[in-house]
Structure formats: C-alpha cells, structure tokens
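> Using the sequences and the hints, build the whole thing.
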Amino acid sequence: MTTLSQTLASDALTSGRLPRFTVPVIAVASLLVGIAVASLFAGGNLALAAVLGFVLYLLAMETAARVVEGARQASDRRATTLVTGAFILALLPLGSVAWEAISKGIARFDLNYFTMSMRNIVGAGGGAVHAIYGTLYVTGLASLMSIPIGLLTAIYLSEYGRGNRLAKSITFFVDVMTGIPSIVAGLFAYALMGLLIGPGFKSGFSGSIALSVLMIPVVVRSSEEILRLVPNELREASYALGVPKWLTIVRIVVPTAISGLISGIILSIARVIGETAPLLIASGFTASLNNNPFDNPMMTLPVFVYDSYAHPGTDVQAYWDRAWTGALTLILIVMLLNLIGRLIARRFAPKIGR
Amino acid sequence: MSQKLTREPEAAPGKPEPTPSPARPDPKRPGETVFRGFALGAGIAILAILAAVATFLLIQGSPALLADPAALTAKGYGPFLEWVLPYVFGTVWAAVLALAMAVPVAIGIALFISHYAPRRLAQPLGYVIDLLAAVPSVVFGLWGSLMLAPAVRPLFTWLNANLGFIPLFSGQVSGTGRTIFTAAIVLATMVLPIITSLCREVFLQTPKLHEEAALALGATRWEMVKMSVFPFARPGIIAAVMLGLGRALGETMAVTMVLSGGRNITFQILTSENPNSIAAQIAQNFPEAFGLKTNQLIAAGLVLFLITLVVNMIARWIVARRAAYSGAN
Amino acid sequence: MRIKPIAAAALVTATALAFAGCAANEAPASGGSGSAGGAQTLTGVGSSAQKAAQEKWVADFQTANPNITVNYSPDGSGAGRSAFIAGAANFAGSDRAFKDDEMGAGKFAGCAADSNALNLPVYISPIAVVFNIDGVKELTLDPATLAGIFAGKITKWNDPAIAKTNPKASLPSAAITAVHRADDSGTTNNFTDTLNKTAPQIWTAAASDTFPADFGGEAATGTSGVIQAVSGGKNTIGYADESQAGDLGKASILVGGKALQPTAEAAAAILDHSQTVPGRDANDLAYALDRTSEGVYPAVLVSYAIVCQTYKDPAVGTLVKSYVGYMASAEGQQAAAQAAGAAPLSSGLQAKVKTALDSVK
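Chains as they are written, first to last, in this note's numbering: chain E, 1 to 354; chain Z, 1 to 329; chain Y, 1 to 361.
Please keep in mind that the hints were generated in silico from the structure rather than gathered at the bench. Where hints are given, some of them may not hold.
Cut-off 20 Å, straight-line C-alpha distance, at most; resulting in silico cross-link-like pairs (DMTMM-like, lysine to aspartate or glutamate) [as the list claims (entries may be wrong)]:
1. Z/Lys208 to E/Glu233
2. Y/Lys352 to Y/Glu294
3. Y/Lys51 to E/Asp315
4. Y/Lys197 to Y/Glu294
5. Z/Lys226 to E/Asp76
Derived coverage of chain Y by chain Z (criterion: at least 3 residues anywhere in the stretch with Cβ under 8 Å from a Cβ of chain Z; other residues may be distant) [said to hold, decoys possible]:
6. 50 to 63
7. 78 to 85
8. 203 to 213
9. 230 to 244
Derived, one-sided and incomplete: chain Y residues facing chain E with beta-carbon distance under 7 Å [unchecked claim]:
10. Ala24
11. Asn25
12. Glu26
13. Pro74
14. Ala88
15. Thr155
C-beta atoms are modelled at their ideal positions from N, C-alpha and C, and glycine is treated no differently.
Written as structure tokens, this is what we have:
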C-alpha cells in the first residue's frame with residue numbers, strides 16, 4: 001500500500017478511504033485553478049472558470065479515488081460528482097430566470113398593480129387585476145374539468161383496464177394528445193364554441209376548454225405512472241379484509257400515491273397556466289375586468305404579459321415593466337399553488353417510506 | 001447481473017396477471033359499478049375529445065391538402081408537403097437536441113434528490129426544481145432572447161472557430177445568438193422539471209428491500225443505483241422522457257420568441273438560418289393568415305399531431321420490448 | 001374528518017375571490033360582463049400594429065361613454081378580416097384593405113344582405129430601417145442598396161455601395177446581419193412592397209406578408225423581437241414600426257436625391273400622392289399606395305378600419321359610427337400620434353372618412 005493511505009489509516013474502518021477533508025480541499029483547489037486559468041487567458045470569464053473547475057475536480061477526484069480506494073469507489077465518486085453537478089447546472093437557468101423576473105418585475109409590484117385594471121389607462125400606471133382574475137377563472141375551470149377526468153382515467157387505466165384493448169388505446173391516444181400544439185387547442189375551442197353558440201364567441205370558458213385539452217393528457221400520464229407504483233401488497237391486504245375494490249382505490253391506492261398525484265397535477269396546472277396563444281384566440285382580449293367566465297372576452301395574465309411585451313405604446317418602458325411584473329405574479333401564483341399542493345399532500349400521505 | 005438481482009417472479013410481459021377476485025364488479029355493490037362507470041366514462045370522454053380535435057383538424061386542414069398545388073404556389077406558399085417538410089425537420093431536430101441535453105441532467109437531478117442529497121434537504125430541493133416548471137413559457141421566451149442569446153454568442157464563436165470541422169458547428173455564426181442551439185437550451189430547461197419530477201417519484205418508489213439488499217452485498221451507492229433503482233425505474237423514465245418530448249415538440253411561445261426560424265433543412269446549429277418548428281410556424285403566421293393559408297397552417301398542426309403519433313408508437317414499442325417490469329406490480 | 005379545515009379554507013378563499021372581484025379604476029356597473037343595464041359592448045378584431053392606437057382610442061371613447069365597453073383584440077389582420085366575414089367582429093382592423101375578389105354584397109355575416117364592406121384608412125405609420133453598427137450613428141441608403149442588403153446580396157458593411165452614400169461614416173468590415181419578421185405581417189408586406197416598387201431589378205419578389213425565405217437573413221418574431229434582435233446583436237439591421245425604434249439608429253432613405261427620415265409628415269404625405277383603388281364605391285377608401293413619388297418616404301404602413309355599409313343590427317351600426325368616427329377625427333388622430341407615434345391623417349382625408357362613415361347605417 002502507498003505511504004499516504006498507511007499514514008491515514010489510523011484504524012481499520014477508514015483504511016483505503018480518502019479522508020473526509022479531501023472533497024472540500026480538491027473542490028476549492030480546482031475552482032481556484034479554474035478561476036486563475038480563466039482570468040489569465042479569457043479575461044476572467046466566470047462560466048469558463050466554473051466549467052474548468054468542475055472538470056479539474058472530476059479528474060482530481062478520479063485520480064485520488066482510484067489510487068487510494070480502487071476503481072469501484074472511484075466510479076461511485078464520479079457518479080456522485082456528476083449527479084450533484086447536474087443539480088447545480090439546473091440551478092443556473094433557474095437562478096438566472098428568477099433574477100430577471102424579480103429585478104425587472106419589482107418596479108411595478110405595487111398596490112395599484114393588484115387593484116386596478118387597464119380600463120381607460122394609456123401609458124404608465126394601471127394594473128393587471130383583470131388579468132389575474134381571468135387567469136384564476138380560466139385555469140380554475142380548466143382544472144375543474146381536467147383533474148376529475150384525468151384522475152379517473154388514470155384510475156381506470158391502472159386499476160381496471162390493465163392491459164385490455166380499450167385501456168391500451170386510451171393510453172396511446174393520451175400520449176398523442178400531449179402532442180397537440182397549444183395553438184391548435186385554442187383553435188379547436190374557438191371553433192367548437194362558434195359551432196355551439198355563434199361565430200366569434202369568446203369567453204373565459206372557451207379558454208378553459210382549450211387548456212383542458214392540453215392539461216388532461218399531462219394529468220393522466222403522470223397520475224397513471226404514479227398509481228402503478230403503489231405496491232400490490234397494499235391492494236391485496238385491503239381485498240383480504242373484504243374491502244370492495246372502489247373503496248380500496250379511494251382509501252388505499254390514491255392516498256398512498258397522493259404526493260406524486262398532487263405533484264403531477266400541480267405540474268399540469270403550471271404547464272397550462274402560462275399558455276398564451278390558445279387563450280388569445282379562445283378567450284380574447286379586453287382591458288376591463290370581467291367576472292363572468294361564460295360570456296364576453298376575458299383577459300388572462302400570460303396574454304397580458306405577451307401583449308404588453310409585444311405591442312407597447314410609445315412609452316415602451318411602462319409596458320415592459322407591466323409585462324415583467326405580470327410574469328413575476330404568474331410565477332408567484334404557481335409557487336403558491338405548489339405550496340398548497342405540498343401541504344395537502346403532506347396531510348394525506350400515509351406515513352410510510354421516505 | 002443487475003436484472004437477476006432485482007427481478008422477481010413476474011407475469012409474462014404484456015400479459016398481466018388477472019386481478020384478484022374481489023376486484024370483480026359485484027352486483028350487490030352499487031358503489032363499485034358507479035365508480036367503475038365513472039372511471040370508464042372519463043377514459044371514453046378523453047377519446048371523444050381527441051376524436052373531436054382530430055376531426056376539427058381534418059376538416060379545417062383538408063382544403064389545403066386537397067387544393068391544387070399550383071394554386072398554393074401562386075399564393076406564395078407552395079405545395080403542402082414541400083412547404084411543411086422543413087418545419088417537420090425543425091420540430092424534431094430541436095426536440096432531439098433539447099432532450100439530448102435535458103434527459104441526462106434530469107435523471108442526475110432526480111437521483112440527487114432521491115438518493116444523494118441529505119434527507120432533510122431532499123424535499124426543498126425537489127421543490128426548487130419544480131419552480132422551473134412554474135415559469136411560464138412567455139418568460140422563458142423573454143429570458144432566452146434577452147439573456148441567453150447574447151450570453152452564449154461568445155461560446156458559439158469559440159465552438160465555430162475551434163470545432164468548426166464538425167458539421168454541427170460549421171457555417172457563419174449568427175450575429176445575435178438566436179439559433180436552434182439556443183432554442184434547444186431553452187426547451188431543455190423547460191422540459192427539465194417535467195422529466196425530473198416524474199423520475200424522482202419513480203426513483204423514490206424503488207422498493208427499500210431491493211436497495212438494502214444491494215448495499216448489504218457490499219455495493220457502493222452508485223452500484224446500488226445501477227442494480228436496483230434504474231431497472232425498477234426504466235418504464236417510468238421512458239414515460240417521463242415521452243412527456244418531456246411531447247412538451248418539446250409542441251412548445252410554441254418560447255421557440256417563437258427565441259428562434260430565428262427559416263425554411264432550410266440543415267444540421268448546422270450555430271447559424272442565423274434555422275429550420276422553424278411547426279408550432280412556432282403556426283403561432284407566428286396564424287394571426288395574419290387568411291383564407292387558404294389558414295387551412296394550410298391547420299394542416300401543419302395535423303402533421304405535428306401525426307409526428308407525435310409516430311414518436312409515441314416508437315416509444316411504446318421500446319417500452320413493450322423491455323417491458324413488463326413495472327416494479328411493484 | 002381531516003378534510004374539514006382544508007375545505008373551509010378553500011371555501012373562504014373562494015368567497016374572498018368572488019367578493020373581491022372588482023378593480024379600483026372601474027365603476028362597479030361598467031365591468032365587461034355586460035350585466036349592467038344599458039351597457040353595450042363593441043367588438044373589434046384585427047391588426048396588432050393598431051394596438052397601441054386602439055388602446056388610446058378605446059380609453060378616450062370609454063371615458064366619454066362610460067356605458068360602452070370596446071374590446072379591441074389585436075389578434076392580427078388576417079384574424080380580423082376572418083372575424084369580420086364571420087360576423088364575429090363589429091369592425092376589423094386590417095393592415096390591408098379587402099381585395100376586389102374578397103369584396104361583394106352579402107359576403108359579410110354581420111352586414112345586411114345587400115351591404116358591402118367599407119375600407120377606411122385610420123392609422124398611418126412610417127416603417128423605420130433600424131440599425132446597430134459599432135461606431136456608426138447615421139446611415140443613408142438608396143433603395144437599391146437597401147434591397148441588396150435584405151436580399152442577402154450585400155453582405156459586408158464596408159461594401160462600396162453603402163460607402164458611396166455614407167462618405168463620412170467609418171463602416172466596419174463586419175458581416176451584415178439583416179433581421180426580418182419571422183411572422184407574417186402587414187409591416188413586412190409594406191416593406192417588401194417598398195423594395196419591390198423602388199428597386200424592382202434587385203428585389204424581384206412581389207409584396208407579401210411573408211418575408212421571402214430565399215433571401216435568407218435572421219428572423220425574429222414581432223416588432224419587439226426585431227427591435228430586440230437588432231439592439232441585442234452586433235452589426236445588425238432590421239425594419240420596424242417607427243414608434244418602436246427607441247434609441248436605435250434610423251437609416252435615411254434616398255428618394256430622388258433627398259435623404260428622408262421616417263417622420264410622421266413624410267409618411268402622411270403618401271396618401272395625398274396615391275389614388276384609391278378604382279371601381280369601388282365612392283365611400284370605399286382603399287388606397288393603392290404610390291411609393292415612388294418625390295419627397296415621400298416610401299416605407300409606410302397604412303392600416304384600415306373595415307366596417308359594413310349597412311349593419312344587420314342598426315344599434316351596432318350606430319356604435320361603430322361613433323367609435324370609428326372618433327378614431328378618424330382630428331382629436332382621435334392626434335391622440336394616436338401621441339400614444340402610438342402614428343402619422344395623423346391629413347384633414348382632407350379625415351373629411352373623406354367622415355363622409356363615408358355618415359353613409360354607414
């Protein structure tokens with residue numbers, strides 16, 4: 001054995017292991033080298049420094065672990081580094097987007113924004129209360145339609161339809177449905193309402209229909225996958241106690257999977273709440289507050305954001321400020337939903353496993 | 001090795017075991033019939049909605065498909081197939097690039113949260129990634145075109161100068177950075193939380209006993225993951241990737257705002273002239289479309305529909321081949 | 001019974017939402033729901049170029065008539081014309097007039113059976129050629145060079161053709177990134193028409209809403225997208241509505257030896273030099289733009305309000321008359337100039353639009 005490992009091997013359990021301080025030491029060292037190289041050759045480019053640092057760390061750890069701990073441990077450490085690296089990598093765009101939205105959205109994040117609509121307002125001032133309500137109405141109605149349909153379908157697929165032809169075709173067509181371009185969903189809802197009520201009928205509800213078309217497949221797909229993961233032992237134990245199947249599903253299967261189900265549903269809401277194109281077509285556009293989702297155009301936040309960004313008046317900054325604040329509000333709404341979902345999940349989830 | 005370690009006696013692939021007898025609808029239990037009816041009804045409702053959408057697409061798109069190609073050419077947008085081909089390519093190409101970047105990272109993140117992060121941190125970290133899903137596509141579009149495109153331009157120039165011999169990086173580098181590569185990065189960021197969330201849930205459901213058995217046999221953490229988590233989670237991972245792919249193929253607003261889309265079929269990913277995606281093409285041109293052009297755009301929507309159909313068929317086939325190991329069941 | 005607190009919380013939230021459904025700047029009865037007695041709604045769909053002006057017009061009009069809600073949806077000109085044909089819009093905003101074969105009595109669902117449509121110009125805006133070149137503040141281009149740049153034939157900023165008209169500028173030897181609209185738009189139509197009319201030997205493609213794909217270049221969505229690509233990139237050039245150009249440099253176009261900037265006056269002059277489309281009703285003010293007259297800035301967008309000669313519902317006709325009448329009035333045009341940077345209609349044209357509107361029933 002090498003002298004290094006001998007000196008470190010104070011007792012049998014830690015022999016052949018890198019000491020605990022290795023990781024931070026190598027990490028800091030490689031980052032410093034990365035920064036030094038980057039500032040010497042590339043004018044202190046931070047991104048380059050980070051990439052160099054990461055590669056150096058990977059190489060140094062690999063060498064150290066291979067020498068001291070052997071190949072299996074080395075590949076284990078490599079995997080740990082890469083997995084952690086993936087996580088940090090994902091934080092970059094998140095941080096960047098969040099910073100953009102907050103720093104630019106804070107300018108108009110005031111009381112007016114949440115108490116005023118854009119009726120009779122030109123240029124600076126005004127608010128998005130009409131769009132916020134619109135988004136809540138439209139998304140709420142869409143959820144009201146999609147979640148029951150989606151969840152029940154998922155239950156059918158995972159609990160009843162196991163492998164029969166109808167279930168297979170439903171699964172397949174749900175997949176196909178995920179590929180409907182959002183604008184086509186909008187056109188569909190617009191044409192459908194035109195057929196049912198009259199040409200050019202635009203309302204919040206038309207928008208909800210469009211969003212449902214987009215939302216249902218996401219709910220089904222994620223819920224089905226989660227329901228399938230519920231261990232059969234639980235179902236069988238319930239049947240053995242004489243509980244009917246539907247009660248087993250309602251009381252055992254769904255609560256066991258509730259955390260995953262809710263997380264899927266929240267994701268599906270997040271998926272549609274930011275949709276712009278279908279809402280512009282189906283729900284239309286107005287500067288005034290509309291509290292009736294079943295008649296007349298209804299403004300929604302994404303449409304408001306896109307419109308403020310895309311068609312500003314001469315006072316461009318005022319419009320763009322409103323757009324960014326709208327974006328920030330939208331993000332906050334989804335975050336809030338997420339939080340509520342998680343609380344509900346925690347409340348209902350049985351206390352097993354992780 | 002890994003397969004043997006974790007596989008339990010299972011029903012043959014594609015032929016799940018019959019459900020135990022208490023599952024049979026019992027005439028004396030109306031609750032059962034009603035509940036089952038609702039579930040079935042919901043499934044059939046979905047088929048009906050999809051049929052309605054498909055009918056709508058067919059009816060509205062057919063004038064363009066049936067029209068005389070000469071008439072379409074005269075109006076300046078050419079025979080349908082010739083017109084739509086670059087966009088088909090662009091749609092698939094952008095989605096493939098995006099998934100190539102997103103899938104490894106997403107699986108890494110999901111693993112980090114489920115098996116690597118300190119237990120106490122795992123949930124908040126999962127929440128942080130879910131936040132990415134909370135960002136509306138309009139914002140991703142703004143971010144991509146305002147922040148990302150200028151930021152990656154030096155990287156593009158460097159790639160072009162040093163790795164330009166690879167066809168992917170050849171050509172005249174875009175002056176604005178709004179290329180299909182940038183669009184793919186934005187798309188990758190957008191599908192990341194979707195893939196991560198589902199993978200994470202699936203990873204977390206790996207039977208504890210499998211994991212502990214692997215560890216007890218002296219496996220390192222990574223070996224345990226390879227032996228017990230991945231085999232268990234494979235169908236779930238594929239499902240997650242398909243969900244991500246659906247999003248990437250159909251994403252409209254972000255691509256519309258970020259990509260400088262044209263009509264050329266090319267594998268160069270750093271130039272100004274990129275193939276546009278179908279969804280972006282529809283969104284961009286629908287507002288001004290009139291008459292036959294509207295029909296043509298809707299027919300393009302039908303094509304996107306068909307692409308998803310084909311992609312899903314392929315994915316189903318892959319899952320079916322590997323299949324039937326759906327973990328707990 | 002664990003559900004109770006959550007259900008209660010949901011109920012509280014729902015009721016709070018239902019009762020808080022109001023906006024501080026709206027009178028309770030004047031919301032868009034149309035439930036208040038005597039409230040009327042007028043629907044317009046169309047051009048996004050008109051959006052900023054329409055916003056101002058709607059605000060002024062609603063302030064003067066608090067019982068009326070005007071919804072102008074900037075879906076796009078094509079969508080506007082389709083909606084008008086289907087009777088879904090009371091009036092359409094369109095960056096082009098209906099063509100001869102699209103006109104005809106009885107073709108419009110919202111109009112009376114024997115009624116044709118009327119195209120009325122209400123919004124004129126110059127299209128600026130914007131650029132962002134290192135160290136260059138002013139740029140003058142003749143039409144042939146401009147067409148050459150956007151057709152991809154002139155690829156470097158220090159090309160002799162550009163240097164000839166800009167003797168003082170220090171032009172870099174950098175590649176030109178020419179940015180055009182990715183989406184179909186009236187702006188592209190008017191810009192390509194300008195190139196086609198003023199430099200036909202170089203710009204061989206006819207005017208079209210779609211930028212010709214054969215000419216290459218960089219594409220960006222919407223006016224904002226073009227402005228952003230031009231200002232965010234380097235050595236870029238693009239075209240966009242003048243009011244949105246912001247700090248970007250605006251190129252002058254050489255017309256008959258004179259370098260013209262995209263100003264409101266230069267733009268408004270174009271209608272005085274152009275003729276209406278022949279063979280239509282005297283009140284139909286669809287113009288065939290003449291972009292080659294001396295002293296007229298050629299790249300101009302003229303956007304129309306399209307209305308019925310006779311509405312099926314006379315009440316709607318009255319509403320449209322008063323609203324579009326306000327748009328075309330001296331006051332309305334001034335408001336649009338202020339809020340959207342539009343070029344006001346000349347007083348002669350204002351009078352013509354008024355005469356036409358007086359005939360609307």
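> Now tell me, hint by hint, if it's right for this structure.
Going through the hints against the structure:
For the hint linking Z/Lys208 to E/Glu233, the alpha-carbon distance of about 14 Å falls within 20 Å, and the restraint holds. Restraint check for Y/Lys352 and Y/Glu294: not satisfied, since their Cα atoms lie roughly 24 Å apart, outside the 20 Å limit. Note on Y/Lys51 and E/Asp315: the hinted pairing holds, with a Cα-Cα distance of about 13 Å set against a maximum of 20 Å. Distance check on the hinted pair: Y/Lys197 and Y/Glu294 sit about 13 Å apart at the alpha-carbon level, within 20 Å; holds.
Distance hint between Z/Lys226 and E/Asp76 is fulfilled; the C-alpha atoms sit about 11 Å from each other, no more than 20 Å. Residues of the stretch 50 to 63 of chain Y lying with their CB closer than 8 Å to a CB of chain Z number 0, which falls below the three-residue condition for coverage. For the stretch 78 to 85 of chain Y, the stated coverage by chain Z is satisfied: 4 residues place a CB nearer than 8 Å to a CB of that chain, which reaches the threshold of 3. With a cut-off of 8 Å between beta carbons, the stretch 203 to 213 of chain Y has 5 residues touching chain Z; three or more are needed, and the interface restraint holds.
With a cut-off of 8 Å between beta carbons, the stretch 230 to 244 of chain Y has 5 residues touching chain Z; three or more are needed, and the interface restraint holds. Taken as an interface hint, Y/Ala24 checks out: its beta carbon lies about 4 Å from the nearest beta carbon of chain E, inside 7 Å. Hint status for Y/Asn25 relative to chain E: holds, with the closest Cβ pair at about 5 Å, below 7 Å. With a least beta-carbon distance of about 5 Å to chain E, the hint placing Y/Glu26 at the interface is held under the 7 Å criterion.
Using the Cβ-Cβ criterion of 7 Å, the hint placing Y/Pro74 at the interface with chain E is satisfied: the shortest such distance is roughly 6 Å. Given hint, Y/Ala88 at the interface with chain E, holds; its Cβ is 2 Å from that chain's nearest Cβ, closer than 7 Å. Annotation: interface hint on Y/Thr155 violated; nearest CB of chain E at approximately 29 Å, more than 7 Å.
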